[in-house]
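Going down the list, the protein sequences come from chains A and B. When the count follows the working numbering, it moves up by one through the first sequence with no breaks and lands on 396 for the last residue. When the count follows the working numbering, it moves up by one through the second sequence with no breaks and lands on 1488 for the last residue.
Simulated from the structure, these hints should not be mistaken for laboratory data. Keep in mind that the hints are not guaranteed to be accurate.
What the hints assert, rightly or not - DSS-like, lysine-lysine: derived pairs with alpha carbons at most 30 Å apart:
| # | chain 1 | residue 1 | chain 2 | residue 2 |
| --- | --- | --- | --- | --- |
| 1 | B | 1449 | B | 1270 |
| 2 | A | 8 | B | 1180 |
| 3 | A | 8 | B | 1258 |
What the hints assert, rightly or not - Quick list of the computed label-pair ranges, beta carbon to beta carbon:
| # | chain 1 | residue 1 | chain 2 | residue 2 | range |
| --- | --- | --- | --- | --- | --- |
| 4 | B | 1118 | A | 332 | 34 to 44 Å |
| 5 | B | 1096 | A | 216 | 45 to 55 Å |
| 6 | B | 1014 | A | 32 | 33 to 43 Å |
None of these values were measured; they are calculated from a predicted model. Positions of the beta carbon are idealized from the N, C-alpha and C atoms, including for glycine.
Take a look at the letters that make up each chain.
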Amino acid sequence: MAKDARVKALLSSYVLLGFFMLLAVDFGFRVADNYFHLTNPLDSPNRSLIWYSVNAFANEQTAPDIALLGSSLMMTAHHAGDATKINAMQNEVSHFHSSCLENFLAGKIGHKPTSFSFAIAGQMASDAYLITRSLLAGKKQPKVIIYGIAPRDLIDNTLPSPASTETFKFLSRNSDFSDIALSARYSLNEYLQFGLEKAFYTLSHKANLVAMQHRCAYSVAPYGMNAITVNELTAPFKLRQIARRELPDDNGANELRVGPYGAECEPFRDNTDEYRQRYACIKNKTYVSQLSYLEDLMKLTREKGIQLAVVNMPLTTSNVSLMPKGFYDRYKNTLSGLAAANGASFLDLNRADVFDQKHFADTVHLNGLGGVEFFKLLSNELALNRSFGAALSRTH
Amino acid sequence: MLFNSLTYAIFLPIVVALYWASPTKWRVPILLLASYIFYMSWRPVFILLILGLTIVNYFFGFYICRSEKNKKPWLFAAVATNLATLCFFKYAYFLNDTLTTMLKPLGVAPPAMPFDIILPLGISFFVFEFIHYVVDVYRGSAPIKSFLAFSLFASFFPTQIAGPIKRFQDFIPQFLSPAKFSIKEFDAGFSLILLGLFKKVLLADNLAFFVQGGFQHPELFHSLDLWLFTYAFAFQIYFDFSGYTDIARGSAMLFGYKVPINFNLPYLAKNISDFWHRWHISLSTWLRDYLFIPLGGSRGSKWNVYRNLMITMSLGGLWHGAATHFLVWGVYHGAMLALHKMFKDCRMRLQENGHGWLSAAVDSRVGTVLSTLFTFHIVCIGWVLFRADTLVIAGDIVKKLFFLDTVFSGMPAYAMALPAINYPLIYPAIFLLLPVLAVWHVVMGYVDKTNWVERSPRLVKAAWCCALMLMILVFSPDKSPKFIYFQF
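Taking the hints into account, I'd like the entire structure generated from these sequences.
Structure follows, in structure tokens:
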């Protein structure tokens, strides 16, 4: 009897009823979305570099011959190098074909290959693996992948977990990463968040719903205000600095531009302190985990028949000297060993005889001059390697 | 552990389940243990501080009660111990910096701080509760006999970090005669938590991103833009703190405890004195009972009253933070309260002399609306002093607010790009949202008065909870800033 009363009291709870309503709404949204496709997988409330890249890649008609992967080191070499080679300003959010690489290779192999760059600032080895697995597949599978890597991409101590990057978050919305769902998350909060996303369809489609809400907000905005879009605006630098701190993975369509190397180029920026911090306490867990993603990437490309070149990116000697003693050599040996064991090629392009300070915009990023030099050197190396030559002359 | 974190979403149900599943005699120890775990989740070492102060104040209470002739020295020792602890952790850097600035012209430099001091969470709140306890025991209240109950009074996790500042006379009896589980109370508590989360993560957090740009770089904006930012901050801080209080009160209700309300629609205040009866009520009543009244309160000459108001509010300002702009914010409110007192006295004198026109005008419907609007703007100017990072920035903003340098359409479109980029829940709807939030105040006044929520059908209440849960799930920003009052 008392038990009945307790059950009756519990059932009289309006909070419980509200929760059941929430489950019903969530289920309704799931069904409606499956039948009527209410959400667009490429929709996003913020425009991250991965969002721009994925959208641009979706619009590509054919698979590229070469896909570029890497962090800002590869990204700046690509944009600044092309800006210098073509002698024209490049927009980082709409410039995906590497003119330098295509043209230098054309001179070496006799035909002009096509390329697409997925090099994105902050890209970790785990992100490179996920891009390859989810995007560079099927009809869009390239013949060659060039992955520009540096120690930072394996040891970034500011990274909470592989699942915390914008690339992981964006790609996991449309791809099934359940096999690495737990290993890519480190903290209790991340596990809980993941569990909630699995349980609630609305939460896993938060980005879509927020994007929809943005459109609604704009449509109800007072007269005149809805005409403004971020693309048409140039926010003052100080405001953009705040915005970048708050949400670094959000860029206006006209905000990231790179000019040709020349008289007006920016002076060398000394970012030694930033890298001193980055290298200060290397998290072994991150390093080991990122190496295993790199190995997965190598295995995946071998399985798919894609030629993979792991390219050690140029760094200034002062930057290398900031690393713990012996780390850099160990890192190179590990990479070359992994590559050899998994059918990939390891190309060490950190060549002090080619790159000196005039090729760098700071202690790690190449400037336009360095970018051109880098792709020249890379093309030479690729052309000399028979397996790359054979892969590039194959038809898709 | 933040109230708006997933960790708390796991912690709270576990503690609630353990609490109600345990025999009655185990409930207070369970709550105490949970409160200490809650406190240690930030920096475990500070448990020693709260434990130490609990033990010291527990014994002070007994000594004050038992010594018939030497009550005052014991009280003095107790208050001094509490204040010294607060000053050490909260004001050491401020005093050192102030001293450095003052001595600089003389060419003397005080020694640098020999170690880093970290401000323990919630110290301002539990120290005030201890002072209230020892002073009330001195004034004749019976001390708390049970050490467990006293420890829980000081560390009760729903109110531990940012209040409301409790009174032991209201709180301890609830331990002694614990409430029985009631689904009605549970529902009320849970919906209060949902409402608090809605205010915090949806309104305050989204407004925070909008406000930030304006207050960090006022030089980029015109006066009307800055008024917009100021209004937005007024609502941000209200929703932030009242949201926190709702979660605290709701969490306490899940255990069958009631903690005092802290807000009563403050922006509907008709004057600045009325505002302080509606804003952070537990602090303002504390300041009244343990600072203003001991200073002499409203007794004595009018100049004494003005002085007491100024001292009380200045110290109240400093309590919020060890920075000059908080002090100036306090002084500003002290001055406004003194001016209001002058006005009130003048009104009374006129009425006594047969000139009731001023009172009639103020009390009329139009007068009420105008005085409410006027008070809101007075408070808003105070918020500029409160929010700006430095006094210089605050000065720049206030100057711009009063020297209208553009018409509204002059708002530079580019300046709005910042809030547009990440959180458009607020932008571009900010122009619609701010009036809605203002109307919210009026509507909530009606809802409270008519007990509308309590009377509405179960289905409506359930739908309200469902809507809140859904909005919290979908629209909360990924990165939620800490509650503003955590820093105090």
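Hints versus structure:
1. B/1449 to B/1270: Judged against 30 Å, a Cα distance of about 18 Å means the pair holds.
2. A/8 to B/1180: Holds. Residue 8 of chain A to residue 1180 of chain B sits at ~17 Å (cutoff 30 Å).
3. A/8 to B/1258: holds (25 Å)
4. B/1118 to A/332: 34 to 44 Å: holds (42 Å)
5. B/1096 to A/216: 45 to 55 Å: With a Cβ separation near 52 Å, residue 1096 of chain B and residue 216 of chain A satisfy 45 to 55 Å, so the hint holds.
6. B/1014 to A/32: 33 to 43 Å: holds (35 Å)
Of the hints listed earlier, there is not a single one the structure fails to meet.
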